Amino acid sequence: MTLLDTATPATRPSGRVAGWVRPKTVFLAVVLVVLAVYTEMAFALDWRTQAGRIGPGFFPRIVGLGGVALTLWGLVSAIRSPQDDEVVALEDEIGDADLGKHPRLLAIMVLASVGFAATLISLGAIISSGAFLMLMLSLLNRGRHRANAAVAIGIPFVMYLLLQTLLNAGLPEGILPRF
Amino acid sequence: MDTFDNLANGIVAVVTPMNLLLLLAGVMLGMIVGVMPGLGPSAGLAILLPLTFTLDPTGAVVMLAAVYYGAMYGGTITSVLINTPGESATVASTFDGYPLAKQGRAGPALVMAAVGSFVAGTLGAVLISIASPMTASLAATFGPPELFLVVVLGLLTLIVIIGGNRLLGTLSALIGFAIATVGIDIGTGQQRYTFGSVEMINGIDFIPVAIGLFGVGEILHTLWRGGHLEKLAYFNVSARSREFWPTKQDFRESAGPIARGSFLGFFVGATPGAGATVASLMSYNLEKSVSKTPEKFGKGAMAGLTGPEAANNAASSGAMVPLLTLGIPGSASTAVLIGGFMMWGLQPGPLLMTQNPEFAWGLIASMFLGNIMLLVVNVFCIPAFASIARVPFRVLGPAIIVVCVLGTFTVNGSIVEVAIMLACGVLGFFMRRFGLSPAALVIALVLGPMAEESLRQTMIISGGNFDIFLDRGTSRVLLGLMLLLLLLPLALVLIKRAAARAVERYGAMRRRHARKNGRVWTPRSETVTTQDSDRADGSESVSDRDPETERVDSP
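From first to last, the protein sequence lines are chains A and B.
If you read the first sequence in the working numbering, its first letter stands for residue 1, the second for the next number, and so on.
If you read the second sequence in the working numbering, its first letter stands for residue 1001, the second for the next number, and so on.
Everything labelled a hint here was simulated from the structure, so no lab data went into it.
Please read these numbers as outputs of a predicted model, since none were measured by experiment.
The reader is advised that the hints may include incorrect statements.
Said to hold, decoys possible - Which stretches of chain B does chain A cover? Using the computed rule of at least three CB atoms under 8 Å from a CB of chain A, they are:
id, region
1, 1179-1193
2, 1392-1403
3, 1412-1424
4, 1452-1464
As the list claims (entries may be wrong) - Far from chain A, some chain B residues (derived; all Cβ distances over 12 Å):
id, residue
5, Gln1103
6, Leu1167
7, Thr1293
Glycine included, C-beta positions come from ideal geometry on N, C-alpha and C.
This is chain A alone, in the form it adopts within the complex (with noise of 0.2 Å):
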């Protein structure tokens, strides 16, 4: 794959999926194996101290209980009625044009945040910084090579510049000196 697939948009699965391979119900289900993991967790902790008082687990065992009986059921909704989490989409998007949908672009932006804090450490705010705007930047504003350079460059230091050298607030300086 080029990097000038990621942003051929994704056209909508046509045809009926079954519910129960939908997005939405994938979805639910890792929250309901989150939430299960949660109560399972919580009736290890106490439901009341040896006082009498209400212990740790108190209010965990409630609240993963309850979750976990909510998200069953829109679980349940959900593999029943599929059509449901595309009126949620077109709910969302009354008033916007249909630009496509865009998971790949989506994927690369969350992989390069997560690069982004990765590196935030040892290469510094201002390096980290302008290595993740410009990888984004060329994937979203392409050919406009001076503007994406600029914006790269100045809003790093703009920051740091904001944060460190006005606030001192303790960003990372990396293998760039301090200022």
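Guided by the hints, dock chain B onto chain A, whose structure is given.
Frame of chain A, contents of chain B only:
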């Protein structure tokens, strides 16, 4: 008399050169946040929170509050000029704001929206000054059982009013409560869900969660639906042009809607859970129903713009009442504000106004000054802010991610919090995508520890007996309110029908009255309108002006 004394003391506390500068910086930043489509007041507040850490609490909160209502003002500019609301509370402003811009009346629309916002914001500040001490003295009689019920009531209101999928709204709140349980249990000192990590002992801070859900989540969602490909058509505004200023007719048409919107917005905003979006949409429907010319709505009625504008700004003032007096955030933005208060060691709630009066009244006083500043900034800087709205998302999106990452890192210098923020960004994207409510999650996260603590205290008082909620008078009233709230969706249909009939009757009466006086609106293109007759001084007719549109995103 006490109110005036306290307010005067508050003004004295705020009127320092530093605080005034912070107020100005806050309103300007708020306006910038407001005009950026996709970045609402809650995201703006969350992202800008780290900038205030080095300030004293009063200055910091004055600045953040200014960002909050500045963003409410700013959202209108994009609604009118590019038909894209800067945040959900200004959705109603697109209905008539954009048609006004298409008629070449973008300038008057924006100036009138600013005037409406100013009147509503000032009226809201007056109402806060009156309502807050009363609510605080009532809240001072609350014990732990009542505080617990108020927290539950606030969340219940949010879920009932949120509309859409209440099941998923409740699930969002429970996820928020679950995140709030991470860290040391305050009752026993036992660790919960820390997985042995030292960084998690103090729990998950709400700032990374709020920045992730509102800031990064919003950017990811906009990117996913192709925001980077958007071509924006916008209308030019120039303060030098004569057409920039509203006419007398605009002021006459807007007086009633602004007054109605201000009161409606304040009381809706003061209800925990109901926010500026609900208030502005209610105001739009109300104005359309009582209007002598309802057919004009959606085609560029000034009343359809100024009413909702006043309502959404008054609602943001109203939301300060439960925040200052009960410590309960009524909206996502006030949840972020409450988090800020806590970071500066201030505990919003019944005791705030008695223990930190200079702070509470300083904040209220700053709202008066901030509104004056906003009116001036708005009227004279509209063209400048309009140009910010032209920065395309494909540049803005990555830049906002950088601001989010660096802003989160500066809070505690923790890379784990940056990771939590990014994880919450991805969660926020999926929540938006599948109809869950990030606002309910953040509010529950802020209220979770309060709910747990007040429930624990209640159980200690009662010896573990839940009957305590039925034994106390105030608790019974609150339980009754909860019951009513649960029945509200059923009753709402009947109430709506009855209210619509009453409003319709009132509107019909006004229209009959208007017909009797011979003032009937007809579309501009067909015949002379009341506005045109106002232009008998020789200025060009509105229908003669063509909007200058241009493509900013075209390559």
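Results of checking the hints against the structure:
Counting residues of the region 1179-1193 of chain B whose CB lies closer than 8 Å to any CB of chain A gives 7, which reaches the minimum of 3, so the coverage claim holds. With 9 residues having a beta carbon nearer than 8 Å to a beta carbon of chain A, the region 1392-1403 of chain B meets the requirement of three or more and the stated coverage holds. Restraint check on the region 1412-1424 of chain B versus chain A: 5 residues with Cβ-Cβ distances below 8 Å, three needed, restraint holds. For a cut-off of 8 Å, the count of residues in the region 1452-1464 of chain B with a CB near a CB of chain A stands at 7, and the three-residue condition holds.
The claim that Gln1103 of chain B is not at the interface with chain A holds, since no C-beta of that chain comes within 12 Å of its own (minimum 19 Å). Non-interface status of Leu1167 of chain B relative to chain A is broken: a Cβ of that chain comes within 12 Å, the nearest being about 6 Å off. The non-interface label for Thr1293 of chain B is consistent with chain A: the shortest C-beta to C-beta separation is roughly 25 Å, beyond 12 Å.
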